[in-house]
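Per the numbering used here, the sequence shown starts with residue 6, numbered consecutively.
By construction, these hints were calculated from the structure, which means they are not laboratory data. There's no promise every hint is true.
Calculated lysine-lysine pairs in the DSS-like style (CA-CA distance at most 27 Å, straight line) [stated by the list, open to error]: (1) 106 x 82; (2) 82 x 140; (3) 94 x 82.
Ranges between beta-carbon positions, derived for each pair [what the hints assert, rightly or not]: (4) 183 x 54: 14 to 22 Å; (5) 72 x 50: 28 to 36 Å; (6) 119 x 89: 21 to 29 Å; (7) 152 x 78: 28 to 36 Å.
Keep in mind that this is a model prediction, so the values were computed, not measured. From the three backbone atoms N, C-alpha and C, an ideal C-beta is built for every residue, glycine too.
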Amino acid sequence: MRIQNKLCLSLVATLSLVAGSASTATAHDEENPTPGLPAETGGYQPALAGYYEDVVFPACGTTITLRSGDVRDLYEKVRVKRDGTTVIKLRGDVTTDVIAKPGGDLPDGGFLDELDNSGRLTLEISADGSTIVEKFGGPSVIYPVSETDAAALAAAGFPEFGYFERGKVAIRTVLTEDEAAEPVSTEVLQNTTRDVVDLCRALKESAGHPY
6 MRIQNKLCLS LVATLSLVAG SASTATAHDE ENPTPGLPAE TGGYQPALAG YYEDVVFPAC
66 GTTITLRSGD VRDLYEKVRV KRDGTTVIKL RGDVTTDVIA KPGGDLPDGG FLDELDNSGR
126 LTLEISADGS TIVEKFGGPS VIYPVSETDA AALAAAGFPE FGYFERGKVA IRTVLTEDEA
186 AEPVSTEVLQ NTTRDVVDLC RALKESAGHP Y
């Protein structure tokens, strides 16, 4: 099951799963009993290179690329609980460039430079990988990767592709084994965010075409 393809995610959540699905067994002494997830770290350590890879997804009627900016100083801690739940925590500082390909709602594309994306993240992944709880604070980029979590975000008042500087979000997603299927459910458990920015709007304004 490719978890990162089926969750409503903050950028750092995506990157933690991308890094975890890479060959992390060579980076840590112990292996995680859940395949595809990072091994226990015993404390915070510098994040793997996979955390800084590009993330590409559809939004704003076009293709969006999130690219790590000049600040790349993330630290990861991984713990596996007795019940098999994997807990991944990220902290540190990171900036993000947002690049929109021309098309759809953004005929001239768009570019946002060096967004502060340093909000702390906690991911709790059940032993069978079927249930994930994401808890992350601002400043963070947030976006859906399925219709199910797009609906959940919209119901909680988020734009299609958003950014918030303050507050916290907690989201629980229940997955299926079928990689092509929608999640069984996505629920916003907590939302204390304030001053949420619509990044589709911000990208359009960056290209000189405000709404």
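Status of each hint after checking the structure:
Between the alpha carbons of residue 106 and residue 82 the distance comes to roughly 34 Å, so the proposed pair goes past 27 Å and is violated. For a cut-off of 27 Å, the pair hint linking residue 82 to residue 140 stands: about 15 Å separates their Cα positions. A C-alpha spacing of about 5 Å is found between residue 94 and residue 82, which places the hinted pair at or below 27 Å, so the restraint holds. Separated by about 30 Å at the C-beta atoms, residue 183 and residue 54 break the suggested range of 14 to 22 Å.
Checked against the hint of 28 to 36 Å, the C-beta distance between residue 72 and residue 50 comes to roughly 24 Å, which is inconsistent with it. The given range of 21 to 29 Å is broken by residue 119 and residue 89, whose C-beta atoms sit roughly 39 Å from each other. Between residue 152 and residue 78 the beta carbons are some 35 Å apart, a value that agrees with the proposed interval 28 to 36 Å.
Violated hints, in rising order: 1, 4, 5 and 6; the structure is consistent with all others.
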